[in-house]
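Colleague: Single-letter residue listing:
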Amino acid sequence: MAELSIIDLLGTIIAALLTVMVLSYLLRDNFLFRFAVYLFIGAASGYAGSIAWHNVLKPGLIDPFFSQGLAGILDSSSITTLIVPWLLVITLLLKISPLTSRYGGLPLALLVGVGAAVVVGGAITGTLIPQSLASMDSLNPSEVAPLTGETGFERVINVLIMLVGTVSTLSYFRFSTRRAPSGRADLSPLMEWVSIVGRLFIAVTFGVMYAGALSATIVILAERLQFLWSAVSSLITGS
Amino acid sequence: MSDVRCPMCSASNPEDAEVCASCGARLKPLVADLPSPEGPTDWEEKPEPTEGEEPEEEDWLRRVRAQAESELPDEEAPEEAPEDAEAPDWLGRLREVEIPGEEGPPEGEVPDWLTAFAEEAVVEGEPTEAPEPDWLERVRDQEAPEAEEDIGEAEQEEEDWLARLKVEEEQPPEEVFEEVPSLEPDVDWPTDEAEAKLEELLEPEPEIEEPELAPIPPESLELEPAEVPEGEFPEAEMPLEVEEPEIPLAPEPMDLELPKIPKIERPEAELPPEIEEEVEPRPSEIEEAAEPIEEGPPQVPALIFEEGDEVPSEDAPDIDLDAIELPDWLAELKQTAPPEKEPVEGVPLDIAPATLPSWLEAMRPIDTFRSVVEIEAEEEQIVESAGPLAGLRGALMAEPVVAMPRAASVSAARLEVTERQYAQAELLHRMVEEEDRELPEVRAERARLPLVRWVIGVLLILAVALPTFLSLQSGEGFPLPILRPRDLDPLFDLVETASIDQPVLVVFDYPPGYYGELDAVASPLLEHILSRGLRVATLSTQPTGPALAEGLLNRLSENGQGYIHLGYLSGGPTAVQLFVASPREATPKGFNLPEELERQTSWQSPILEGVSRLSDFSMVVVITAGPESARTWAEQAYPWKGDTPLVMVLSTGAEPLVRPYYEALEPQVDAILTSLPAAVAYEQLIGSRGGAHARWNGFGAGMFSVELILFAGAIYGVAGWFLSMRRG
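Going down the list, the protein sequences come from chains A and B.
All residue numbers for the first sequence refer to this note's numbering, where the first residue is 1 and numbers rise by one.
All residue numbers for the second sequence refer to this note's numbering, where the first residue is 240 and numbers rise by one.
Everything labelled a hint here was simulated from the structure, so no lab data went into it.
A virtual CB, placed ideally from N, CA and C, is assigned to each residue, including glycine.
Heads up, none of these hints are tricks.
Pulled a few chain A residues facing chain B out of the computed Cβ check, cut under 10 Å:
{"no.": "1", "residue": "Leu26"}
{"no.": "2", "residue": "Phe40"}
{"no.": "3", "residue": "Ala44"}
{"no.": "4", "residue": "Ala48"}
{"no.": "5", "residue": "Pro59"}
{"no.": "6", "residue": "Asp63"}
{"no.": "7", "residue": "Ala117"}
{"no.": "8", "residue": "Ala123"}
{"no.": "9", "residue": "Leu133"}
{"no.": "10", "residue": "Glu143"}
{"no.": "11", "residue": "Asn158"}
{"no.": "12", "residue": "Met162"}
Restraint ranges, calculated between C-beta atoms of paired labels, are given here:
{"no.": "13", "chain 1": "B", "residue 1": "Glu834", "chain 2": "A", "residue 2": "Ile161", "range": "54 to 60 Å"}
{"no.": "14", "chain 1": "A", "residue 1": "Arg178", "chain 2": "B", "residue 2": "Phe950", "range": "45 to 51 Å"}
{"no.": "15", "chain 1": "B", "residue 1": "Ser770", "chain 2": "A", "residue 2": "His54", "range": "29 to 35 Å"}
{"no.": "16", "chain 1": "A", "residue 1": "Ser77", "chain 2": "B", "residue 2": "Glu834", "range": "27 to 33 Å"}
{"no.": "17", "chain 1": "B", "residue 1": "Ser851", "chain 2": "A", "residue 2": "Ser138", "range": "36 to 42 Å"}
{"no.": "18", "chain 1": "A", "residue 1": "Ser77", "chain 2": "B", "residue 2": "Asn798", "range": "38 to 44 Å"}
{"no.": "19", "chain 1": "B", "residue 1": "Pro833", "chain 2": "A", "residue 2": "Thr81", "range": "26 to 32 Å"}
{"no.": "20", "chain 1": "A", "residue 1": "Phe35", "chain 2": "B", "residue 2": "Pro833", "range": "34 to 40 Å"}
{"no.": "21", "chain 1": "A", "residue 1": "Glu154", "chain 2": "B", "residue 2": "Ser851", "range": "40 to 46 Å"}
From just these sequences and the hints, can you work out the full model?
Modeller: Okay, here's the thing in structure tokens:
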């Protein structure tokens, strides 16, 4: 326990020093701040590499290769779970050299293609269609929101705000228009006003997001200052 | 004479003709019809002078002549023409220059050579009846009555100023020039030499077309009016011809027997610098012409032949003496000039030395007729190397003239430029200019202390840290929230109703930087889950997620039991989709497994017993700091989760973008827990005082200071805007 306590004590001291070094950016950009940032980047990268090795590469590629033996590797069932992953990894490593980089196009195309398909498919089925349907909510005051319990005019007002905000925001991003005989391509006055309303909704949204980020930052600052206070108290009192 | 001569071509026209039949020039001015109190101004319209009439002439010259004639017994006294007499314009202007009341021409305006003429006339005493032109006779006829009355007085005046001139004449020439500086060098030379000089002046005149070298009879000074047209008015500049370098070269074509040119002693010190410059290019010529004269200023070449001079043949010279507009005073002087060349000693000069009047000097068209092309020095001129002019220097170069860039004589097809093309051309022009424009050197601004940043930072730190330093407990500083958020009850109910036989999947998808916030927000939920005895399986799409999960659950759970880490899920959305479809294949190995699961996988843990799909979990809790991760889980897990509720524990900044998934009629997110107030309310709900309560006072003080800073900034901005508006 005593040895662990020393490690915990050293860890607390180092964490406090790094915290102060990061907060020193308040004065200006300085060596202590950059040192702390580089240390965090290095530690995070090393830790991520270690996690990738222990959680992904070793159990997915190395362990099956050695555990199954040569017979297991040549087995037909290992083709999709062992041979193909190995081939993809090797060809992807060929991207390191410019001479052989073109051979790494296949795994890269596979990654991009599969990833795009997953993202686009999930966006359509999970966001676009459900959110479009949600924006076309019923204006019936008797309806009740299933989770929030809103009903009556409160719900109707919320639905109207949602509807106006959605339409006006989408109208703001409408950049095509019909060219007038004079050659000018201006939006109609109605669309101009709708775009202005959409811009207002966007501004309010970004403002709320900024306020949320500021709130989160205050909480984080409070946690860090409490940590420093507790660390100093521990060093002073020895407890 | 009833005809009217054209002032332009000298053609005879009927008296009533208004335009010349030959050249079309207007004979009668447009204002001729207006009656003038002083009589007609056009001398050509005046009636033909009768005999006895004298042409009008300059007063002082007339007086000179009158004085000269007065000494002759038979000579008729000269008449003084009135100022308003009809006379040619140039003579009228000559009269205007005359100073009223002056006895003669201003001192210095009569050259010495004219004085010599007068002196000779006195010495010889020969009454010369020079033939006068008709117009002069007409003028004299008109002026005769008036002139006769004043003739006596005029003679007296002339005698006075001529006497002064004589006195000056006796002085050295240098003194005279000092007293009367003039552009025209005064000449004092013998009469015969002066005549020769005058003839030389006449000869090189380029405007003389038809040389008529008939000698002028000394007994007649009368000239035909037609011989003194207006166009020959510049002849009054003859004395200035002394300065022209071409004068000495002119006598050659005249082929006249000219008297020996006296040497001229040129008073260089008396000449203005501009005249010196004009004379200097050919100093040898001047010296050559001035050789015979030992003393005195440069001489004016003779304009009138002397008696007995050989008349040049008609075909040889280029000069027409008849065409020369010779003022009658010069002609009269010539007639009165004696043939002897030597001046008579002891005879006083009766004529004052004169120079070119200033008004006449101003009329010299020197600059007007100066050649635009500067003639190079001879040594600098190019020698022609080809063609018939080969070897000649100074020939005009044909090639430079041809190759000289100039505007096309034939207008090219005009480029039709539309307004749009012009605008584009202007834009291109500005772009090119912008490329050429050198950016001004930016001065390195002196590093300014970030005082505002320091003030805000210190204020925030003090506000957040002050409750901690004061060891304020939650609720002692800022009041705890009384009302629970509306989203909290559904979440609480979900945890309360979750099946205890199925584990809860908790996804830690936030970076370590958000540990301070999300740890406090997620702690009451995880504490509630653990307090109900629900088993927990953790997962993360971030490499650092498993460590964060271990730290939080290790702190919340009793003895580190009841949870297991599935580890890091690499691959982003694709991995999430793989996990929700087949959890066991996506995470084959766990993280920080307990000792009993060494060399085994996390799926062999009793916590995950019976779990093979996402819907096998009793609840899926996603703790995330960004909307992207939340949206990925909402999109990918929704089709696979079945009845398993999806709960989002969000950072405050990500809530606005995730809430639409929660408030939809068919919600993809079943519950949301976000922000520290909600966490405090959740702790209050479950009866706990965890990390959310510990940070409540600091959070409240910090937000209050932020509000104050924002308010102060808004006031500052509005005040600045208002002041700028007032300043205009």
